[in-house]
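If you want the building blocks of each chain, they are given just below.
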Amino acid sequence: GAVVSQHPSWVICKSGTSVKIECRSLDFQATTMFWYRQFPKQSLMLMATSNEGSKATYEQGVEKDKFLINHASLTLSTLTVTSAHPEDSSFYICSARARSVNTEAFFGQGTRLTVV
Amino acid sequence: AQSVTQPDIHITVSEGASLELRCNYSYGATPYLFWYVQSPGQGLQLLLKYFSGDTLVQGIKGFEAEFKRSQSSFNLRKPSVHWSDAAEYFCAVGALTGGGNKLTFGTGTQLKVEL
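Chains as they are written, first to last, in the numbering used here: chain U, 1 to 116; chain X, 117 to 231.
Treat the hints loosely; a few may be bogus.
Said to hold, decoys possible - No more than 27 Å apart at the CA atoms, straight line, and that leaves these computed lysine-lysine pairs for DSSO-like:
(1) X:K165 - X:K218
(2) X:K228 - U:K41
(3) U:K64 - X:K177
(4) U:K55 - X:K218
(5) U:K66 - U:K20
(6) X:K218 - X:K177
(7) X:K218 - U:K66
(8) X:K165 - X:K184
(9) X:K165 - X:K228
(10) U:K64 - X:K218
What the hints assert, rightly or not - Partial pick of chain U residues on the chain X-facing surface, computed with a CB cut under 10 Å:
(11) Y36
(12) Q42
(13) M45
(14) S89
(15) I93
(16) F106
Calculated directly from the structure, the hints in this document are not laboratory data. Because the structure is a prediction, the values reported are computed rather than measured. C-beta atoms are modelled at their ideal positions from N, C-alpha and C, and glycine is treated no differently.
Bound conformation, chain X alone (with noise of 0.2 Å):
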């Protein structure tokens, strides 16, 4: 069965500076991993997918995550936080079984932004 793993509930930070948001997955094939944010209320928007190829997957605003086979991780990073990255974030892990694609999320880290 697939899992994903991440350990940060919360993280706050400082408007400008960097940062990372851990994510560990269990899976016994070529994992597709996904990162969404989701905002208070709010459904889902993805900010980036790995499927295959590129191990440093570029997103939208700014953010990249890099898919690291031998750690079983799909970190998710950026340079320079604004403050209106305030949000939840979840890291998924999909399955692709009878044409659809299962995605198992993880427990979400919610992330603070200081200004």
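In isolation and in its complexed conformation, chain U is listed as follows (with noise of 0.2 Å):
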């Protein structure tokens, strides 16, 4: 199957700071792809859509000036966390939607945000 690969795995940043988290499709191009946030022992929640090229859409209730996200290529989008305090801890999670394939969207491993 088509492999997505986030990076970093797991960063820990001072609270105030930014922190970028990439999202890379390795073997296929990728038009669109999703962002989620996974709390504690809780399920995913969609973020935000980023389509290559346009702006992301995001979801009700996330903060567009507090996630960023750049979706500037078909392999590559990135989501930044500005500012970030310790309630932005989390496990982040992409997923990018191939062009030839119609439905289906391939995982990238996560990665845990802690806030310090």
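Relying on the hints, combine the two individually framed chains into one complex.
What follows is the structure, encoded as structure tokens:
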């Protein structure tokens, strides 16, 4: 199957700093990428959908200025958590949908963010 | 709006026993249904998916699921569980909007396997 890679796998940052998480589709072109957030022992909540070359569509309740999403190429999307605070600590997962595949999206391995 | 319910938060089975994880969905049209497995601290791995056609879907690792429209269910089954199957299992329903597949996940079922 198609491979989606997230980097870093885990990151610890100080409160007030910004953190960038990368999501790459390694062997296919991803026209659409999705960013999810998962709290401990809870399900995944969709944060935003990004299409290559256009602005991301954010889900209700997700702060656009807090979680900056860029999808500048067909193989890379980034999520930047700006001015991070401890409540932003979470597991962030991306998924990518290939142009040639009608419905299935492939998931990255996730990034554990801890804000101290 | 679409939604997914996984009634069982935790399930414990003995190794070698059969398994059924329940999933009920709510969706206005024909749903696209998925089962994913997540190991601790890891991303999601797709076990199987249903888009159309045969309502009994075969997946990886010996899993299967049956789509029952009348019951709005998509239960996951495995005839004989292995200790390595212990993980979190998520059912999801997808909506094809704007060319993407926006997934709504259930709350997950934590599977514990007793040796």
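Right, here's what the structure says about each hint:
Between K165 of chain X and K218 of chain X the CA atoms are separated by roughly 14 Å; this keeps the pair inside 27 Å, and the hint holds. With a CA separation close to 14 Å, the supplied pair K228 of chain X and K41 of chain U stays within the 27 Å bound. About 39 Å separates the Cα atoms of K64 of chain U and K177 of chain X, which puts this hinted pair outside 27 Å; it is violated. Simply put, K55 of chain U and K218 of chain X have alpha-carbon atoms about 16 Å apart, close enough for the 27 Å limit, and the pair holds.
For the hint pairing K66 of chain U with K20 of chain U, the CA-to-CA distance comes to about 12 Å; that is within 27 Å, so the pair holds. A distance of roughly 25 Å separates the Cα atoms of K218 of chain X and K177 of chain X; the hinted pair therefore holds under the 27 Å criterion. A distance of roughly 22 Å separates the Cα atoms of K218 of chain X and K66 of chain U; the hinted pair therefore holds under the 27 Å criterion. Proposed proximity of K165 of chain X and K184 of chain X is supported: the alpha carbons are some 14 Å apart, at most 27 Å.
For the hint linking K165 of chain X to K228 of chain X, the alpha-carbon distance of about 23 Å falls within 27 Å, and the restraint holds. With a CA separation close to 18 Å, the supplied pair K64 of chain U and K218 of chain X stays within the 27 Å bound. Evaluation of the Y36 of chain U hint against chain X yields a held restraint, the C-beta minimum of about 8 Å falling below 10 Å. Interface hint status for Q42 of chain U: upheld, as the beta-carbon distance to the closest one in chain X is roughly 7 Å, under 10 Å.
Interface restraint check: M45 of chain U against chain X, minimum CB-CB distance 8 Å, threshold 10 Å, status holds. With a least beta-carbon distance of about 14 Å to chain X, the hint placing S89 of chain U at the interface is violated under the 10 Å criterion. Because the beta carbon of I93 of chain U sits about 6 Å from the nearest beta carbon in chain X, less than 10 Å, this interface hint is met. Hint status for F106 of chain U relative to chain X: holds, with the closest Cβ pair at about 8 Å, below 10 Å.
Figure legend: structure checked against the earlier numbered hints; hints not met, in rising order: 3 and 14.
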